[in-house]
Each structure stands twice: as C-alpha cells, then as structure tokens.
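Counting from 1 along the sequence shown, just add 948 to a position and that's the residue number in the numbering used here.
Rather than coming from a laboratory, the hints here were simulated on the basis of the structure.
Please note: incorrect hints may appear among the correct ones.
Claimed, not checked - Between beta-carbon pairs, the in silico distance windows are:
{"no.": "1", "residue 1": "Leu997", "residue 2": "Gln1022", "range": "24 to 30 Å"}
{"no.": "2", "residue 1": "His991", "residue 2": "Gln1022", "range": "41 to 47 Å"}
{"no.": "3", "residue 1": "Ala1025", "residue 2": "Gln995", "range": "22 to 28 Å"}
{"no.": "4", "residue 1": "Val1007", "residue 2": "Leu1072", "range": "17 to 23 Å"}
{"no.": "5", "residue 1": "Pro976", "residue 2": "Gly1041", "range": "16 to 22 Å"}
{"no.": "6", "residue 1": "Leu1065", "residue 2": "Leu1039", "range": "26 to 32 Å"}
{"no.": "7", "residue 1": "Asn1013", "residue 2": "Thr1052", "range": "43 to 49 Å"}
{"no.": "8", "residue 1": "Ser1046", "residue 2": "Glu994", "range": "29 to 35 Å"}
{"no.": "9", "residue 1": "Ala1076", "residue 2": "Glu1054", "range": "17 to 23 Å"}
Note that the structure is a prediction, hence the values are computed from the model and not measured.
Ideal Cβ positions, reconstructed from N, Cα and C, are used throughout, including at glycine.
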Amino acid sequence: LIRINSGRDFNSFKCIRRIKNISEKSIPELVGPAICLGLLSQHMPEQPLAAQALLTGDVTLRTLNVAGYSAAIQDKAGSKWSGLLYSITSLPGVVCGSLGVYVTGEILDATNQDWTLVFGLNALVYLAGAI
C-alpha cells in the first residue's frame, strides 16, 4: 500500500498496472516514430525508397497517437460545449506547429539544409513523450 499525505491508501498494484498500461500503449505510437526518425538522423539512406519507407513508417505510426481524439472531446463536453473545448485543446498544437515550422527553417538555414538535426530533435520529442 502507498500512503499519501491525505491519509488515503491506494493499492500499489493498481498504480503499477496503470503505469504499465500507459507505457505499453505508447510503444507503437511514440517509440515507433522515434525509431524511424532516429534512423534517418543517424544515417540518411542513399536510396530514396529507403528514406521514403522510414518517413512513411513515421507518419503511419504517428497516426496511432491521435485516434479517437475528436470523439473523446465530444463525449466529455457534450453537444453544447464540444466546439469550444475542441478549439481550446487544439490551440497549443497550432501554436507549437507554427513555431516548429519557423525553428525548422532556422535549423536548416544554419546547417546548410542538413535534415539530420531536425529528424534527431523530433525523435527526442517522441521519446520524451513516451516516458
């Protein structure tokens, strides 16, 4: 049993089980794209087909991370507030996506159009999300 400051007891088995379930779910969704992008950052393939396969693997595995996102918001908010809640939860993604385009451009300008650092940073972001 784990004792929290409030005096409530929690079954440690349930806590470990939840952590295990979260980590098992993040393997294909976050670690998979990190592996694909990590391979691209370490060695850019000579054959375009190999690079395309790794990028396709990244995008395909990344889509597993967002499945059910819109439906979950509509279920939680109901018909009255679902639009507002969706826009509020989408705002951080839009802001980060806009900044990401700028930062990517600056990195490519500074490294003479070398994509290895961009792919490596994206792989690190995926690994951080998996933890």
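Now for the hints, and whether the structure bears them out:
no.	hint	verdict
1	Leu997 <-> Gln1022: 24 to 30 Å	violated, 40 Å
2	His991 <-> Gln1022: 41 to 47 Å	holds, 43 Å
3	Ala1025 <-> Gln995: 22 to 28 Å	violated, 47 Å
4	Val1007 <-> Leu1072: 17 to 23 Å	holds, 18 Å
5	Pro976 <-> Gly1041: 16 to 22 Å	holds, 21 Å
6	Leu1065 <-> Leu1039: 26 to 32 Å	holds, 28 Å
7	Asn1013 <-> Thr1052: 43 to 49 Å	violated, 20 Å
8	Ser1046 <-> Glu994: 29 to 35 Å	holds, 34 Å
9	Ala1076 <-> Glu1054: 17 to 23 Å	holds, 21 Å
In terms of the numbered hints stated before, the structure departs from hints 1, 3 and 7, listed from lowest to highest.
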